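Q: Now for the letters of each chain:
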Amino acid sequence: MPNQSMKLHLRIWRQQGPTSPGKLVSYEIEDVSPDMSFLEMLDVLNERLIKNGELPVEFESDCREGICGNCGLVINGIPHGGQHRTATCQLHMRHFRDGQTITIEPFRAKAFPVIKDLVVDRSAFDRILAKGGYISVRTGSAPDANLIPIAKEIADQAMDSAECIGCGACVAACPNASASLFVSAKIAQYALLPQGQPERKRRALMMIDQMDVEGFGNCSNHAECEAVCPKGISITNIAKMRREYFHALLK
Amino acid sequence: MSLNEKVQEGKALEGNAPAGPIEKRWESHRHAITLVSPANKKKHTVLVVGTGLAGASAAASLAELGYNVKSFCIQDTPRRAHSIAAQGGINAAKNYQNDGDSVWRLFYDTVKGGDFRSRESNVYRLADLSTSIIDQAVAQGVPFAREYGGLLANRSFGGALVSRTFYARGQTGQQLLLGAYGALLRQADEGKVQIFPRREMLDLVIIDGRAQGIVVRNLITGEVESYSGDAVVLATGGYANAYYLSTNAKNSNATAAWRCHKRGAYFANPCFVQIHPTCIPVSGDYQSKLTLMSESLRNDGRVWVPAKKRDERLPKDIPEEERDYYLERRYPAFGNLVPRDVASRAAKTVCDEGRGVGETGRAVYLDFADTIKQNGVSYVEDKYGNLFEMYERITGENPYKTPMRIYPALHYAMGGLWVDYNLMSNLPGLFVIGEANFSDHGANRLGASALMQGLADGYFVLPYTIGNYIAKAGSEPASTEHPAFKESEKEIDEFEKRLTSIKGRKTVLEFHRELGLLLWEYAGMSRNENGLKNVMGLIPDLEKDFWQNVNVPGDTKDWNKNLEFAGRVADFMELGELISLDALHRRESCGAHFREEFQTTDHEAKRDDENYTYVAAWEYTGKGKPPVLHKELLTFDYVKPTQRSYK
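Residue numbers (our numbering), protein chains in the order written: chain A, -10 to 240; chain B, 1195 to 1841.
Please note: incorrect hints may appear among the correct ones.
[To be verified] Straight-line distance between alpha carbons at most 20 Å, and here's what the computed DMTMM-like set of lysine to aspartate or glutamate pairs gives:
hint: 1; chain 1: B; residue 1: K1700; chain 2: A; residue 2: D110
hint: 2; chain 1: A; residue 1: K40; chain 2: B; residue 2: E1708
hint: 3; chain 1: B; residue 1: K1841; chain 2: B; residue 2: E1826
hint: 4; chain 1: A; residue 1: K40; chain 2: B; residue 2: D1479
hint: 5; chain 1: A; residue 1: K190; chain 2: B; residue 2: D1383
hint: 6; chain 1: A; residue 1: K141; chain 2: B; residue 2: D1576
hint: 7; chain 1: B; residue 1: K1751; chain 2: B; residue 2: E1685
hint: 8; chain 1: A; residue 1: K40; chain 2: B; residue 2: D1749
hint: 9; chain 1: B; residue 1: K1697; chain 2: A; residue 2: E36
hint: 10; chain 1: B; residue 1: K1510; chain 2: B; residue 2: D1561
hint: 11; chain 1: A; residue 1: K141; chain 2: B; residue 2: E1670
hint: 12; chain 1: A; residue 1: K(-4); chain 2: A; residue 2: D87
hint: 13; chain 1: B; residue 1: K1456; chain 2: B; residue 2: D1383
hint: 14; chain 1: B; residue 1: K1205; chain 2: B; residue 2: E1704
hint: 15; chain 1: B; residue 1: K1691; chain 2: A; residue 2: D110
hint: 16; chain 1: B; residue 1: K1691; chain 2: B; residue 2: E1384
hint: 17; chain 1: B; residue 1: K1751; chain 2: A; residue 2: E43
hint: 18; chain 1: B; residue 1: K1386; chain 2: B; residue 2: D1749
hint: 19; chain 1: A; residue 1: K190; chain 2: B; residue 2: E1685
hint: 20; chain 1: B; residue 1: K1697; chain 2: A; residue 2: D115
hint: 21; chain 1: B; residue 1: K1595; chain 2: B; residue 2: D1564
hint: 22; chain 1: A; residue 1: K141; chain 2: B; residue 2: D1614
hint: 23; chain 1: B; residue 1: K1567; chain 2: B; residue 2: D1505
hint: 24; chain 1: B; residue 1: K1727; chain 2: B; residue 2: E1791
hint: 25; chain 1: B; residue 1: K1264; chain 2: A; residue 2: D115
hint: 26; chain 1: B; residue 1: K1700; chain 2: A; residue 2: E43
hint: 27; chain 1: B; residue 1: K1700; chain 2: B; residue 2: E1670
hint: 28; chain 1: A; residue 1: K40; chain 2: B; residue 2: E1394
hint: 29; chain 1: B; residue 1: K1684; chain 2: B; residue 2: D1749
hint: 30; chain 1: B; residue 1: K1751; chain 2: A; residue 2: D110
hint: 31; chain 1: A; residue 1: K40; chain 2: B; residue 2: D1739
hint: 32; chain 1: B; residue 1: K1684; chain 2: B; residue 2: D1383
hint: 33; chain 1: A; residue 1: K(-4); chain 2: B; residue 2: D1749
hint: 34; chain 1: B; residue 1: K1386; chain 2: A; residue 2: D115
Think of the hints as simulated: they come from the structure by calculation, not from any bench. All values derive from a computational prediction rather than experimental measurement.
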């Protein structure tokens, strides 16, 4: 593959702290290899900024293989940059062209306050899951694993929902900043499984209530969440969540 | 002159494993343990640092028992700990496949896989507890792969002749961690666990000879904070990132463990680091990490290189008879499923011979053409779909059409802080679990055993053994107003101010990359005396340069990633020296530690059981002073040490 380096014009959101005003700042970057990941391109920019005595752009990343959910940038208006089923860290520069302008912003939502530059606070997700995003099993109390047979199709569907990495792109993409895709994936996973039945109703009510408390909006079926989800979590989970919620309310 | 004469030796260590028949040891030990009364547990606080599989499972289980738990993690949420990236699976001796597996066989495989450098009693316990882990995870709703009949599916993994690996697509670590994280959140909601995210542990506080607290940096504000407790549990993972390029996450680091070491905890077998054979090769200088392709791929993929040197034809143009399936050729019994250390070294050998592929010549093919021909595309898609997608995303090449290119990369640390059978370090009150301890894997870890060990430690071992310590420890922990806390806070403050005031010309990343290259070159897959002596001179030079020339931008009392990394790189340099010294002193090859001077005629690792059947635990004696070696002699009553053979 020809290894032609690219020159890019970047516009990056800089914000000193949660209460400071932020703004887009322009940077030129050369020698970008198409084989670099998007975050490696930012690493290179930061190295240059430090050498010039400027403050580096703060952004988050950890595993850099698309599974920890820590990274997440809005790239040209799209959370994670718009490549199908790809988190920011897995996005590679070969998908951009020489001379392109790239705008980079944090995930924006009322419930995700900015900490600094491109770093946001997503702890609201933990507080929602703490209200029932689990099956209550004490260590040591479990029966033999094969005493709970689960049809392969059901296990596969549960796994489809369970793949959520909690990155929050769904919230950033939603015009209502709704966390419905995130919450519904967990509710659907456990509603499908026999182990999830005892707490099924309580879970749906508690988690959805907490989602509202945290200041996330409601779902109005734009499906932007599914489009940007790096794990391809389907909005059918949201339909399931609504069903779970109504069932729980009725009894 | 033998270097051993220069290593100062201290008192021998005792593993404190109980006597008696191996299958009864854990049970009899549990009976002998002093319990803390249920009414008293709530009066005790345990600090658990790290929220990976070991840390999250331990924190949740301790809280369920009634202890007050404070749980700390470096990430913004416990769910992002690096256990999440484990792909392939978790071993358990369930024998659901009726293929001859048993606790005994898992024990045997693990002791042999570790090349007879692990503690037999621990390994047996691990194998024994493996089955309970699967029960626990399934009850938590972990969606393991199933067969059509609804029962659990298994696959085989490197180094085993049975199918004992349970998996959840290529995301087993993620699913197990979400299970443990859920258990942790449940306890948090009940008020039994307080979670402190975005905190990095920077010091251990020892008062009256007991670990009684930790000092952390709040990564948002930069403030230094102290926490005290009856015991400290370190579950902070491994140190593969000392080598800069590794499969570890960017934030994975050795600082918590290293600072404990500097407070007196012994560091055991630091030179035992695992180099994983199937990673995506380096593509350029900007490379920030290496991505693992699950070892499970070796179940269906065939590893090969061209028979001819510097053969630049495309793989599809190289006819069958001009390919060398070198693993199948050299190891007919295990073929592509040989353990990781063996597979990695074999890849290095063929690349050193000039038969490597790709632009850099540092890669081998992992080819799925045969399995696609035999079983169809959908079979491969079903089993490895997400891994194939990931490969294509990173490399831009389609592995359904052309073979993957892979090369070994740093992946896991078998070494770590020394612990006894109770998982307590030599410092009373400091427990170390998961990858952070020197663990049950000896000189080489088998695939799908890391998740097993992390969860065994966290769910089923530590919750018992820590009670025994707390029941006997006596007095309440000191308050964070104690001078020992204040002194540590002040030291950290000064350390950070020193780092930010150098304002030199080189970035933290540049130093880290240089260190990584040195360690990879001289203390990586293959080591020799000259190289190790050389690197032990080069690292202190680099360190000196670092303290004169590093440029850490920004303030100490602010969000500052570069400052975080600077502290970690400073520790990695010190650890790098110890890795090299340990590798130099161990004049044998065993498992992942390959000394070129000590190999069999067919280039396999040649152990020296007479002189090196011990755990090397190093005591810190001060900056620039030689560490003192404490040996824990290993005995093998059940698995007789033999030359490891996978032929």
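Q: Are the hints correct? Go through all of them and say.
A: For each hint, the structure was consulted:
| no. | hint | verdict |
| --- | --- | --- |
| 1 | B/K1700 / A/D110 | violated (31 Å) |
| 2 | A/K40 / B/E1708 | holds (17 Å) |
| 3 | B/K1841 / B/E1826 | violated (31 Å) |
| 4 | A/K40 / B/D1479 | holds (17 Å) |
| 5 | A/K190 / B/D1383 | holds (18 Å) |
| 6 | A/K141 / B/D1576 | holds (13 Å) |
| 7 | B/K1751 / B/E1685 | holds (15 Å) |
| 8 | A/K40 / B/D1749 | holds (16 Å) |
| 9 | B/K1697 / A/E36 | holds (14 Å) |
| 10 | B/K1510 / B/D1561 | holds (10 Å) |
| 11 | A/K141 / B/E1670 | violated (52 Å) |
| 12 | A/K(-4) / A/D87 | holds (5 Å) |
| 13 | B/K1456 / B/D1383 | violated (36 Å) |
| 14 | B/K1205 / B/E1704 | violated (40 Å) |
| 15 | B/K1691 / A/D110 | violated (27 Å) |
| 16 | B/K1691 / B/E1384 | violated (40 Å) |
| 17 | B/K1751 / A/E43 | holds (17 Å) |
| 18 | B/K1386 / B/D1749 | violated (35 Å) |
| 19 | A/K190 / B/E1685 | violated (52 Å) |
| 20 | B/K1697 / A/D115 | violated (38 Å) |
| 21 | B/K1595 / B/D1564 | holds (12 Å) |
| 22 | A/K141 / B/D1614 | violated (42 Å) |
| 23 | B/K1567 / B/D1505 | violated (25 Å) |
| 24 | B/K1727 / B/E1791 | holds (14 Å) |
| 25 | B/K1264 / A/D115 | holds (16 Å) |
| 26 | B/K1700 / A/E43 | holds (14 Å) |
| 27 | B/K1700 / B/E1670 | violated (47 Å) |
| 28 | A/K40 / B/E1394 | violated (26 Å) |
| 29 | B/K1684 / B/D1749 | holds (16 Å) |
| 30 | B/K1751 / A/D110 | holds (18 Å) |
| 31 | A/K40 / B/D1739 | holds (16 Å) |
| 32 | B/K1684 / B/D1383 | violated (34 Å) |
| 33 | A/K(-4) / B/D1749 | violated (31 Å) |
| 34 | B/K1386 / A/D115 | holds (16 Å) |
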